[in-house]
Every structure is written in structure tokens, then in C-alpha cells.
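Undergrad: Chain by chain, the residues run as shown.
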Amino acid sequence: MPATDFQGSASGFPSFGRSILSFRRDQIHSMETPINHHHHESAGNLEADLNSFQKQVADRFHDLWSSSSAAAASTASEHLLSVVWIRKLLDAFLCCQEEFRAVLFNNGSLVFRPPVDRMVSDYFERSVKALDVCNAIRDGIEQIRQWHKLLEIVLCALDNQRSLGEGQFRRAKKALIDLAIAMLDEKDSSTTVAHRNRSFGRHNNSSSAGRDHRHVGHFRSLSWSVSRSWSAARQLQAIGNNLAAPRTNEIVATNGIALAVFTMNTVLLFVMWALVAAIPCQDRGLQVHFSIPRSFSWAMPMISLHERILEESKRRDRKNACGLLTEIRQIEKFSRVMSELTDSVQFPLMEDKEVEVRQIVKELSQLCDTIKDGLDPLERQVREVFHRIVRSRTEGLDSLGRAYHND
Amino acid sequence: MAENGEEKWVAVARHIAKTLGRNDTMADDILQIFSNFDGRFSREKLSEKVGEEDPRACAALEQTIKALERQISQYVTADHPIWVDSADSSAFLDAIDELISTIRDWTPMAGDKIVGACLVRAEDLMQQAMFRVEDEFRLLMERGGESLELSRAYGNGGESAGNLSFDSDDEEEEEAVGGVGIGNGEDHDRIPTARPITDYDIVIDALPSGTINDLHEIAKRMVVARFGKECSHVYSSCRREFLEESFSRLRLQKLSNEEVQKMAWQDLEDEIERWIKAANVALRILFPSERRLCDRVFFGFSSAADLSFMEVCRGSTIRLLNFADAVAIGSRSPERLFKILDVFETLRDLMPEFESVFSDQYCLFLRNEAITIWKRLGEAIRGIFMELENLINRDPPKGPVPGGGLHPITRYVMNYLRAACRSRQTLEQIFEENAGPLPSKDYPGGKLDDGGSPSSLFVQMVWIMELLETNLEAKSKVYKDPALCSVFMMNNGRYIVHKVKDSELGSLLGEEWIRKHTAKVRQHQANYQRSSWNKVVGVLKLDNASLGPHVAAKLKEKLKLFNQYFEEVYKTQSTLVIFDDQMREDLRNLVNQLLLPAYRTFIGRLQSFPEIGRSLDKHIKYGPEDIEARINDLFRRSGGSSGGRK
Chain A
1 MPATDFQGSA SGFPSFGRSI LSFRRDQIHS METPINHHHH ESAGNLEADL NSFQKQVADR
61 FHDLWSSSSA AAASTASEHL LSVVWIRKLL DAFLCCQEEF RAVLFNNGSL VFRPPVDRMV
121 SDYFERSVKA LDVCNAIRDG IEQIRQWHKL LEIVLCALDN QRSLGEGQFR RAKKALIDLA
181 IAMLDEKDSS TTVAHRNRSF GRHNNSSSAG RDHRHVGHFR SLSWSVSRSW SAARQLQAIG
241 NNLAAPRTNE IVATNGIALA VFTMNTVLLF VMWALVAAIP CQDRGLQVHF SIPRSFSWAM
301 PMISLHERIL EESKRRDRKN ACGLLTEIRQ IEKFSRVMSE LTDSVQFPLM EDKEVEVRQI
361 VKELSQLCDT IKDGLDPLER QVREVFHRIV RSRTEGLDSL GRAYHND
Chain B
1 MAENGEEKWV AVARHIAKTL GRNDTMADDI LQIFSNFDGR FSREKLSEKV GEEDPRACAA
61 LEQTIKALER QISQYVTADH PIWVDSADSS AFLDAIDELI STIRDWTPMA GDKIVGACLV
121 RAEDLMQQAM FRVEDEFRLL MERGGESLEL SRAYGNGGES AGNLSFDSDD EEEEEAVGGV
181 GIGNGEDHDR IPTARPITDY DIVIDALPSG TINDLHEIAK RMVVARFGKE CSHVYSSCRR
241 EFLEESFSRL RLQKLSNEEV QKMAWQDLED EIERWIKAAN VALRILFPSE RRLCDRVFFG
301 FSSAADLSFM EVCRGSTIRL LNFADAVAIG SRSPERLFKI LDVFETLRDL MPEFESVFSD
361 QYCLFLRNEA ITIWKRLGEA IRGIFMELEN LINRDPPKGP VPGGGLHPIT RYVMNYLRAA
421 CRSRQTLEQI FEENAGPLPS KDYPGGKLDD GGSPSSLFVQ MVWIMELLET NLEAKSKVYK
481 DPALCSVFMM NNGRYIVHKV KDSELGSLLG EEWIRKHTAK VRQHQANYQR SSWNKVVGVL
541 KLDNASLGPH VAAKLKEKLK LFNQYFEEVY KTQSTLVIFD DQMREDLRNL VNQLLLPAYR
601 TFIGRLQSFP EIGRSLDKHI KYGPEDIEAR INDLFRRSGG SSGGRK
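Taken in sequence, the protein lines are chains A and B. In terms of full-length UniProt numbering, the first sequence has 277 at position 277, counting the first letter as 1, and numbering is strictly consecutive. In terms of full-length UniProt numbering, the second sequence has 399 at position 399, counting the first letter as 1, and numbering is strictly consecutive.
Isolated chain A, as found in the complex (with noise of 0.2 Å):
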């Protein structure tokens, strides 16, 4: 569980264990008393509770925006698209898909109504549409674990040794091999749905295992878990379908409540796109259209955020990156200079080798532990998002159904 803030603004209306047969009745009695007293009561609120929401919005990316650009000078682990700043996304998304729950629930006579009730399921099909990018992240980052172990393998071939040896850097050369291999399968599937065909079990080589045989690419890498034809850059254009700032009209004869949906879905959107940006998934492509009016208080950060992502995805997918995560490059940058190394290195280790081997050991020592610490939380919160739209898309359904009781 990432350490968040929501118990503000989760007071605000019935808690979810609440048992829908109580709650059910409170609506039919609140029906019997006029609809307009509800409405009066809750007026002044409304108000408040947009704000609240457009303000959390706008600070929570402000907050992503500016630790991500002092991050080049400071902290390294803050940087933008680090696993570090993605859970801050994460968690960003978390409050501010709370802090618009309150918003629903809070003037529900209002928000489970025409005309704000097509508003609201129309957000609610699309958060459902993330489920999905959800899913193949939460894939991804299996990938990336997988990464790591191969490179805990050269961790481990060639750390706290007393002496490094050719036995050694072999070991780690091969781990090196599988790496670079599972990368570039992994490349495959992110540019383009491949289809990889994967025959089950025997290829090759049954009758040679000899000494020089390398079973080069026996690290096969993971399946997805969603079909082949799926594509994350098809899910990300569906989710952001149609998305649209609401006219004048709209805002008006919504109490402003549009605003507030269509801010949450825009925050949906960048959200999903920038896991996808930096996670590898089968597909990944980041051409979806954002229109954000500058107007928004969020505006700034978000559109210099998205900017900033597509330059680096234009620097790195050159290269056919299979994610944008700081500690993916990091990957394939220390497996570069570890299999130049390994290459290169002549035996026995001259002492200023050593010395070299060492520090880059040490390295990648410390990136090995950023990722393992890194991944399980981060996976976790990816859990926790899915769960939090399904509960939130739950919750609003009941009401959009109940709402039907008064018609």
C-alpha cells in the first residue's frame, strides 16, 4: 500500500463496506423528501468540492513536474520517468481519482442525473478501458523483473569474490547474452504486435550439447497475458476517444461538474500514457492525441510533462527502447559496458581492471537493489489502480441504478 493521504477526503461520503441494503433504503427515503432539499443543501459544497478537486489536480502535478526537473540536479532517483517518479504518478492518480469520488458522491442528486449521469458512466467506460493497460503493465514489469534476475546472475558471478576469473566473467557474459536477447525480444513486441511464434518445447539441439554450445536465447522471455492482436497504443486512442474540454453550455448547465470529468479523464489518460511511455508493453505506441486547454490550472505541468516524455521517447525509441524507465536504459546501458568489458578484458586481471570491474560491479550492485526494491511496490500500486477503478466504477454504476428508482 503506497503511503497516501485519502483519509481527508474518504470522510466525506458513505464508506464502502456500508451494506447496499441500507444504503439503498436511505435513498428511498431521502426520495420521499423533495429532491430540491437535497439539492439546496448540497449547493454550496459543490462548489467547494470542484475546487478542491481542479486544486489537488494542479498540485499533485505541479509536484510531479517540478521534483522531476530538479531531479537532474539533485536526487537521481526522482528523475522523470524513474520507478521512484512513477509511483509518484501513481499515487498522484490514486488522490485525485479519490478526491473525484468525492465530488460524485458527495452530490450525487446532481452527478447521477441528466444530464451529468452520461458524463460520468462515459468516464467510467473509459477507466475501464485502463483496466486493461493496467494489465499488460503490470506484465511489463514482470518483464523487468525478469531483467533483473539476469542481472543478479552477473551480480553474482562477479561480486565478492576474492579473485575474478575467467570461470567469472564467462558466467556473467552468458547471463549478459540472455539479457541482451530477452531485451530484444522484448523490442519486438513493443514496436510492433509481433507474432512471435512460439512452438512449445523442443527446439533444436537434441543431439548436440557440446562445449562450446550456448543455448543463446533459452531465457525465453515471458508471454503476455493478453492476447496477441492486443495493443496498448490502441488502448491508450481508446481511451482518449472523443476526449474533449466541454463547451461553455455544458459547463453551465452541469454546475461545472463537466470540468471536473472531463479533468479527471484527461488525468486518466496522461496517467495510462505515461505507464505505457515507460513500461514495456506489447505495443507501445504514444501517438494519442492530447487537447488540454491551457486554462486548466493543471495544464502547465501536464502538457510540459507530456513534451518532455515525447522527447525523450523521440531520443530513446530511436533506439528501439522497450520502455522509457530511467532504470531500463540503466539496464541496457550497464549490460553495454559490461559485455564491452567482458569482451575486451584480458586474463589475468590486470589490477586497474579490477579496480574498474569493481566499481561498475558496484553499480550495478546498487541499480539491482533500486529495481528489486522498486518493482514489487510499484506492481502493487499498479494492482491498487485497477482495484481502485473497478471499486470506483462499482460504486458509481449502484448509483447511476439507483438514480433510476426516482425516474
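What the hints contain is simulated information worked out from the structure, not anything from laboratory work. Remember, it's a predicted structure, so these values are computed and weren't measured experimentally. Keep in mind that the hints are not guaranteed to be accurate.
Claimed, not checked - Restraint ranges, calculated between C-beta atoms of paired labels, are given here:
#1 B:P352 <-> A:R391: 20 to 30 Å
#2 B:S333 <-> A:S66: 41 to 51 Å
#3 A:L310 <-> B:H80: 50 to 60 Å
#4 A:H387 <-> B:D349: 21 to 31 Å
#5 A:N242 <-> B:I514: 52 to 62 Å
#6 B:I514 <-> A:R391: 36 to 46 Å
As the list claims (entries may be wrong) - Over 12 Å on every C-beta distance to chain B, these chain A residues come out as not near it, computed from the model:
#7 A48
#8 E98
#9 N106
#10 A245
#11 D369
Beta carbons are placed, not taken as given, at the ideal position from N, Cα and C, and that holds for glycine.
Since the structure of chain A is already known, use the hints to place chain B on it.
TA: Chain B in isolation, oriented as in the chain A frame:
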């Protein structure tokens, strides 16, 4: 003196360590104990001096390494699989064991130049040996799997194999035939016979037992030599593929959430059927078999076993759970209830398996995930009931059902609830899950039969019945004729009670509820009587006031009025529908009892007047028999075309 004494001590310590340590590889530990015991026995002091002082020992080490190099390189360079010959493989393993113990024994003395150089050679040799055993390990895994598939397809006969849904693919079989002839083929107690799918309580040996022993021997060396990660990786990726293959043989597709949402319900139903089978096969056969295999291959290394097992099952389990999740998130259309109940029940019934097979620290998250999704299916089912409520609520009156007959919604809802209550226990569980404290005034009907507090499902069902009745009442308003209105309520009320009575729904709602609703039907019956026949009977009343002067004329007038009313009522009511035979009979009797005695009395009275008596036939249009015949002609069985199901 002191100097000399210390030297002596160190020499003794070294001697002890060496003599003891040589045999059982405890030298390092012993030295460690010494150094902890007394500062004078520092590790450097103890180890440094070995080489320095004992060149003969170093020479022996070099000899050993040389011999091991000769032995091991012979296997490392072999161009055929080593494990086909058990003599070869055990000699190879012995050599590795010696290498491992040599490295361990001499590592504390690595500070010495010669020893250090020897250790580098030993490590190098170790790496080569490990690469080779890793290859052999993989080969054994793959070959073992092959021979299994073979015997599954041919050894046990196609029929029983088919029961496990491991429909084998001809191409692969042919390929596999070509690859036979490996493994120490004598004593494999191969897979047990596949039994019919209803019996899931079998654990298969995924690999022949001889192969498992071989794998264990290799794994043991790899883990001890710190190559455990490689071993675990090879193991997991091979088994993972095996599982994936098994899944595709169970014809389970990989579906995204969205694909599940968009799927036609019928296709999804089929997919759910396959999923149920696959989930059972996976949790009851495949995963426990994997667990067993893993525990045997990594026997003695529980952490490596747990981690490898998680790696093997993770993907398949998530795939299974994702599908169930997608089903839970999907449409809440009421017709989906029954299939989603199946999914819920499948997961529920598999919970003990999830608990037992995923109990270790690495797999715990899979178990928790399963619980989460299982609960979510419960929520989905509650959502479906909510949707049912909405459907009832929103069902518009539209046109009246002809003759006040049975409304399709009554049929639909009652049959739906009856069918749902066949899964009563599951539903109780689902609704209990989410129940908060319910104040007793919250549900109508007061106490339960047994005096206990009501179940949440009871409250839910009472609520739906209430909604249905409210909706029917609204629908009854479209009838202009109050009698017709009552007949409509009577018919539908009767149907409801009837459907409740002889089903699980009845035992759920209880006697009290049934009594109350039977009374309601009687109330509608009374209303019907009042609104149609009371007026007719009223005409026949002979009170004192009517016995005034012009009695005869008044009576004649009354008779005329009676005829008129009776004809009117008869005309409107001959089209009435009473679907229930018994009720139709009862109703006719009721009307007869109401009307006939009064009519007979009236006629008798009329006959007592001589001036009327003569022309009686002229006035009496209907004899009592005619009335009875007409009444028995009232009410039809059904309203023609309106009886279709919704």
C-alpha cells in the same frame, strides 16, 4: 616465551582444523571458531601460514585440481548427453562434489599465492562444469516432458487422455517419437492413468521419477556451488512452458478485459465453461503436481523450491484470475447471474486449493489475489440483483394484459427468482458478505418463522417482491374497470404465491410471508366481488322499505334492474382471464353462492304476488339454472396471445 607459545597455539589450531576439516569440510568453520575464541587466532594468521609452511599440502592441492580438470573436462566436452549413462553421470557428479569440497576447504587459505592461483583454476573449472550440468538439466527437463506426453497419448489410450482435455496434437507426437531413447528408461513409474474429469483428485508425476532424481542431484550441486539462480531459471522457464501448453490444450484463450466485455454472451458462456474446467484442472491437478515436482527437484532447498514454483505458476494463475475478474467487471445483465454464480462457486470451492498450493511467502500474493477476485464476483452478483430491481422498477405499464391475466414480468421475475434460489446457499453467502446491521423495521414481514434475525438474502428477496408488487399495482391502474383491476392483481398475486410455495424461495420467504400474500390475494378477490357483484346482489335485497304499498311494481322494477346489471357484468366479465384452474372454480362457486340463494329467494318472493305470478315468465328472463350456467361460463383460462414469456 609468549611469542613462542602463540606460534605453537596457531600451529595446533591449524593442525586440528586440517585433520578434522579434510574429511568433513568443516575446516573453515573450525578456523572461524578458533578466531572467535581468541584474538590470537586471527583468520589471516591461520590461513596465511598454511601455504607458507606447508608446500606439500599445496602440491597436493595442485594435484587434486589437475586430476579434477582431467575428469571434468572430459564431461564438459562430451558431444552426447551425459545423463544417458548413469555411470557417467554419477562419476561427473562425484568429480563436482570433490571440486566443491576442495574449493570450500581451501578458500580460507586463499591469501596464499599458490593456493589462490589454484582456486582461480578451480573456480574456472567449476563454471565450466556448471554450464554443462545446466545444459544437462535442461535436456532432462525437456526430454522428461516428452516421454510423458508420449505415454499420455499412447500409453494410456487416447480415450482416457482425452478426458483430461489434453487433446494431443498429431504433429507434436510425431516429432516426439523421433526424440525418444533418452533417460534411464527402466523404472519410470510414469503418469497415472488419467481419470474422468469429475475426479480432480489426482496429482500427476509431470516427469518420470528417475528423471526427477537426476534433476535433484544436479540442482543440489548447482545450489551449493552458488549457481542456484541459473538452475531455478532453467527449471521455471521449462515448466512454465509446459503449463502454458497445458492451458492451450484446455482451449483457454488469452482475453483482455475489453475482449471479454465485447464478447457475445453465448460465446462468453462457452468460454466460462472452459474456464471452469481449466481452473479445476489447474488448481487440483496441474499446480499441485508442479508443487510436488518442484519440492522433489529442490528437495532440501525450500526457498529455491518456493521461488521456482512461484515463477512456474505465476503467469498461468494470473491468466486464470484475470478472466474471472473480467467476468466480474462485465455487464450486470440479469441473465448472466447463473453463469457468474458458476464462476463464483468454482473459485469458492477452489479456495482450499489456493490456500494449500500458494501458502509460501512468494505465492501468498496469488492467493490474496484469488480472494479479492472471488469477493468481486460476489459484488458482481449483488450488482446483478440491483440491475434486476432496476429492470422491475423501470418496466413501464404499456398496454393492459387482456382480461386482467398474468403479466409477463410476473412470470419472468418469479421464474428467475426460483431458479436463483436453487443456489440459495451461495446467495446467502454473497449477501451476508456485504450485510451491515439491519434494523428490524427495515424489512416488512416482521419476525421470521424461527424468530431469528433475517438473512440478508431474505431481505433482498422480500425487497424484490415488494418492487414487483408495486410495479404490478402501477400496471393495474391502466384498467378502467375496477373489477378487471382486481382480477389482474388477483391473477398475478396468485401466481406469485403459487411459485413461491413449492420452491426454495418459499422456505426462504417463510410461512408468514406466504400467509400474508395469500391474504392479499383474498383481499383482491373481495375487492373484485365488491366492485362487480355486490351491486347486482344489492338489487335483490328485500328490506322492510321495499315492502311498502306498490310492492309488486317495485319488485318488477328490481328484477328488470337485476337483468340489466347481470347482463352488463356478464358481458364485461366473460372475457376475464383466470389462469388458475382452482381459482377459477373457486371464483365461480363464490359468485354462485353469492347470487343464487338471493336470486332464488327473490324469485320465490315474486311468485307470492298473484298479479305478478301470472305473468312471471314474461318478467323472469333467467331462471336460476340459467344464472348458474352463465356464471360457470365466466372466466377464461388464458388471455390468448398475451401469455408469452418476457
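Undergrad: Under the constraints set out in the numbered hints, which ones does this structure not fulfil?
TA: none
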